[in-house]
Each structure stands twice: as C-alpha cells, then as structure tokens.
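2 protein chains.
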Amino acid sequence: MPIHANSLDLAFHALSDPTRRAVVSRLAHGEAPVSMLAKPFDMALPSFAQHLQVLEESGLITSEKRGRSRWCSLARARFEEVADWMEAERRSWTGRLDRLEAYLDANREHEA
Amino acid sequence: MPIHANSLDLAFHALSDPTRRAVVSRLAHGEAPVSMLAKPFDMALPSFAQHLQVLEESGLITSEKRGRSRWCSLARARFEEVADWMEAERRSWTGRLDRLEAYLDANREHEA
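These protein sequence lines are chains A and B, in that order.
For the first sequence, our numbering puts the final residue at 112, and the numbers step up evenly by one.
For the second sequence, our numbering puts the final residue at 224, and the numbers step up evenly by one.
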C-alpha cells in the first residue's frame, strides 16, 4: 500500500468517530490542553486519551507537554490532505454533472 | 449517538480504505457496472463485493440491477455531507489563522 494511501486511510479512520470529529472541530478554533478537550465528554480519561492517540497516530493532531499539561493542536498538512481529496472528488463530480447538463440543454435546443 | 453523527461515522469509515476510495473516484466520473469497477483490482470478486457493500451501507453509493449487471452510482447527499463537514472545519481553521495573522500584523505595525 503506498505511503500516501496509508496516511489517508488512517486519517479517514480517525474521523469516523464522533468524539474524534468533535476534538478536530474544537482544535480548528485553536490549540487546547487535554483536560479542556476532555471536559465536554462523559468519558473516562483513559478512553478519551485513546481517541487522542488515534488522532495523533493519524497525523491529524500533534501534542506537546507544557509544564503539567499536554496541549493538542491540529496538524495542517494531514488535515489539508483529507480536505483536498474530498474537494478533488467533488470537482470531478460537479464537472461531470455540468457537462451532462450542457449536453441535455444542447439537445433540448436542437429539438426545439 | 445522533443519526447525523452516525451517517458521518459510516461514511468516513467507508473512505478509510484505498480500494473504496478508488471506487468513489471512479464513480465521481459517472455510474459503472460492478464488473468494470472491479477490473483494476487484483482481488477476488467476493472481497470486492464486500467493499461495495460497505460503501452502499454508508450511503455513499447506490446500486441497481439492470438486466444481467449491477450498476453503481455515487449518492450525492452523503458525499456532500462529508465534503461539507471537511470544508466547514477548514473554514473555521483558516479563519482562525487569518485572525492570528491580522493580530500579529497589527502588533508589528504598533512596534514599528
């Protein structure tokens, strides 16, 4: 499996869970300590830490120890890779629909 | 888990595999019969059919029997839901970086 495919595999897998998506949404507004990230979730800290580990292993977030807390940030490169993949597919598809519509319009004019 | 979150869970999970992403990329260019979709993959048909089932259960594709073949199409609503989620997060984040940059620029001017 090519390295590029593998990084998308891990990133899409990381995003397939509502807790992990909520963490990504929170971090899109700026870095935060683990204790603050965990607060909205009714979840034992070890379970929450496991979600953070999946996100970190996917390359979507990074974390750093500062004094007594660990701070998390969104990692731009991996996030953009996923968003760019989705947008490229959306463009393929929208382009196809536009061409289909143009074709149908041309045929309608021809028939009129 | 809310229904909306669940549909994103399934869709992101479906996209976490390179074969399934390749099928989505192919279908973004237009509907295709299963036999044509399977051709590029060195994979037994039952394994390939399982990938299609994951995609179909996630709501990302639909399929329909026509004569002796089964045709697959991308399902717009679910695909857009995933793409829209990614873009909303990207906007949150880009907006934050823009505000941070504006703040730093303002401070630099103040110091100059």
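To be clear, the hints were calculated from the coordinates, so they are not data collected in a lab.
Think of the CB as a built atom: it goes at the ideal place given N, C-alpha and C, for glycine as much as any other residue.
Some hints here could point you the wrong way.
[Stated by the list, open to error] Here chain A is said to cover these stretches of chain B; the calculated rule only asks that three of the stretch's residues, wherever they fall, bring their Cβ under 8 Å from a Cβ of chain A:
id: 1; stretch: 131-139
id: 2; stretch: 189-199
id: 3; stretch: 202-214
Which numbered hints fail = none
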